[in-house]
Amino acid sequence: MKRILIACGNGIATSTVVATKVKEYLTNKGIQIETTQTKLMEVPSKVQDYDLLITTGEFEGQTGDVPVVKGMPILIGIGMEETMEEILNYVK
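FYI, in the UniProt record's numbering the residues of the sequence shown are 1 to 92.
Keep in mind that the hints were calculated from the coordinates and are not lab data. Among the clues, some could well be false.
[As the list claims (entries may be wrong)] With a cut-off of at most 30 Å between alpha-carbon atoms, the simulated DSS-like pairs for lysine-lysine come out as follows:
hint, residue 1, residue 2
1, Lys92, Lys29
2, Lys92, Lys39
3, Lys46, Lys70
4, Lys2, Lys23
5, Lys92, Lys70
6, Lys2, Lys46
7, Lys70, Lys39
8, Lys21, Lys2
9, Lys29, Lys39
10, Lys29, Lys70
11, Lys46, Lys92
Between the sequences and the hints, there should be enough to build the whole structure, so can you do that?
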């Protein structure tokens, strides 16, 4: 099972929306994932335990080997399909 860390400003509102949509999308593709939501400022101390980081805000920190996907298209709907495909490619 792949683990995805989803980060937004406060670790509550937008990360919840993104987590729900990503889980639904990947479940429909037959992929089981576990998501955790966090604040952007907590990412550097947590990210190494995950396979992918999705952010809904500006993040310039280090993630080591963990790939980062900008999740704003999932919130606004513009470019959402491309972003979901990018996420799918990382967790396959």
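Hints violated by the structure (listed by number, smallest first):
Failing hints: none at all.
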